[in-house]
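Novice: Taken in sequence, the protein lines are chains H and X. Each residue of the first sequence is one higher than the last, beginning at 1 in the working numbering. Each residue of the second sequence is one higher than the last, beginning at 1001 in the working numbering.
Treat the hints as calculated values from the structure; they're not laboratory data. The reader is advised that the hints may include incorrect statements.
A short, non-exhaustive set of chain X residues, derived as facing chain H with CB atoms under 10 Å [unchecked claim]:
#, residue
1, Pro1151
2, Leu1382
3, Phe1399
In this text, a Cβ means the ideal position worked out from N, Cα and C, and glycines have one as well.
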Amino acid sequence: MRDEAALHTVSERHAQMVTRRVVIGAGLASASVACAAGFSAYSPTMGPGRKTGPIDALLIDETTEPPRQMAALVKEAGWTLPVVSIRLDASGQAGLARIFDTSHAIVGISSGATLFCLERIAWDHGFRLTGRSQRCANDPGDDTFQQDVTALLSGSHPPAASPSELTRAYRPSRADGMLHAWVMRKSASSYVCRRRRDV
Amino acid sequence: MKLPPNVSKADFAAALKAFAGIVGDQWLFTSDEDLELYRDSYSILWGETDERTASAAVAPDNADQVVELVKVANRYRIPIYPISAGKNLGYGGAAPALAGSVVLDLKRMNRIVEIDERNGYVVVEPGVSYFDLYNYIQEKGLKLWIDVPSPGWGSVLGNALDGGVGVTLAPYRNHFDAQCGIEVVLPNGRMMRTGMGALPGAKTWQQFRPGFGPRIDGLFKQSNYGVVTKMGFWLMPAPESFATGVVTVPMFRDIIPLVDIVGRLEQSKIVQGLWTLSSPTTGTPGFAAHEAGPSKPQDAKILAILNDPGGVDMGKLEAAAKSSGLPFWACDFNFYGPKKLIKAQWDCVRDAMREIPGARFKLGEIRRLPLPPEELAKTRDLGPLGIPTLKTFDLGPMFSYEGEDVVGHIFFSPVIPRTGEAAIEAMEVFAAVARKYKLPCPPLQFPSSIFERAFLFAIGLPVTRSAVVNAKIRAIVSELVAISAERGWGEYRTAPAFYDLVMGVYSYNDNALRDFLETIKDAVDPNGIMSPGRYAIRSRHSRDADV
């Protein structure tokens, strides 16, 4: 069984992973997501609609600049929300596992390659990708992506008809220059992956 | 509901009920949404009728539950397919080898059973990933290293059983060769331990591999003779220091003496770290990183030769390299251990390589380990330092082939002789195929020295969601397998879609090896329930059905 000392270490690491606590304003929560202009692609599952529940964390891909910019924008708004750097290395795994264990819905901004990895890690924790949009990462000044992130954070988008449609619809690449905003929700009744156990 | 082959709906329902009774309802997965996750994301048969998809999945918590599940599978003749982490993308992922099998998902069995710093070993269950084991060692402050494959999310045990490899010291790189002791649930539901583990209360299970009598551990590698529930591995003591030394040689055919000399050094155990062959003509970072100054911009003339649609003329490339002041070959050696040992090893390499006229040498800084976090953050490749990552998913330059999005890759991975002549031949042969089909491969591809006595020549081929393009890739793989077999080269590992194809070339004396493996299969798994089709080892039922 897992020992307490190890748990403590993981907890400390998680604390380091949560880069900052930010506040997202009510204005963001009511922002429209209807504008899709400027996107190279836009999931038909995205758009204004019913709320699907609160978001527990915003995950940002630290390997690309735009997600960091987005996190800064989120910071200017109003709700309390952990913003977490996605680190797909050994030190990041424990923090990610803790986020997945303690969350029910997460929003992220990442490359397709990072989303591909993260989605598969999330599956084992009972999460499914339920919303996603993408745009060219080198398209500065386009605020529709920000609006899209806002919609995901506010939960004002409907869930995808089938998660598998979404999983098939993006390139698991970083080289293609695309940036993805997405939401994952814990939907499975149980999840396969449990915290590592030491005997 | 999808049914396993030759199983009635009533029997399948009864089996599922019995499975749930063993593990609990919440650990039995039958919905389409859940089973979607047991598809191979890199399947070269995606969406086709031949795609190998599961009928259900069941996730036990411990070996006793595995025993009970296997007994139920036997009772109802349900094909089961154990997976560990299910992350060996390109080699099957979480999908079964036979469509309709029930996946036995062992991720919940993630205990690090024992770790012994003094004797340098660990015993793990199937669900322990490289990340888990690495983090555990770090948390405990143990002076041990692990050898990791490029994606670190895989299972330590599963990767070894699949024939996976890493990039540190030779005795640890071939992961199955680094194992010591297996606990396995046989297809009849009986649990067995190999080697010294057969002795109740054994104190040396992870210390003496041969055991008593025949050594049978290899029967569980790339096979379907049981569910491995525990496995021991020898671990590497954390080295004091690390360094990379680069040897360059000027001429194209210098590769022949170079490989011979390195071979002698490896066979003498002087060189034990991975060495990497590259050509500075391509601007390979492995070489540029060790140059005194900034890397040289690529010469336009060299670029034209490399991009010649008719293929790279090595004579012209050699001449162009010479006029640019570039050596033709670079060989990066990784060294581990005390500083004085690294210096001594480097001296031996230098002395031996001086046989080659024009050879040049540069030993990088001998860095004390562990590296500080800020230095680790700048290190491009953490694999040689025994640190698991998922960076490999960021590196793939392929994103389109034949107008289709590339969603993954499969590897064609032949083993070729450890000689410079064979390396040249393989480079020519495989480059010709790449040109013929306009594959997104670099103009020069190099053999890898991961194995101690043979080269591995791994070629990544694109996987798309287009059945037409995927069919073309399958045909290319068939051609590559045939071309290789004609030359006496065979693959060390392959994707499930090619199990039969590859096993078919291991046909010496009218398929004596396959017949032997299937004789064992019939003896230990008379009902053919265990991983049917895996590595083309078929049960009597499957063979009879084909007649």
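Novice: Would the stated hint for leucine 1382 (chain X) survive a check requiring a Cβ distance to chain H of less than 10 Å?
Specialist: Holds. Min distance 7 Å.
Novice: Classify the hint on phenylalanine 1399 (chain X) as holds or violated, based on whether any CB of chain H lies nearer than 10 Å to its CB.
Specialist: It holds, given that the least Cβ distance between phenylalanine 1399 (chain X) and chain H is near 5 Å, below 10 Å.
Novice: Can the hint on proline 1151 (chain X) be confirmed by a CB-to-CB distance to chain H that is less than 10 Å?
Specialist: At about 8 Å, which falls below the 10 Å cut-off, the nearest Cβ of chain H leaves the hint on proline 1151 (chain X) intact, so it holds.
The structure agrees with every numbered hint stated previously.
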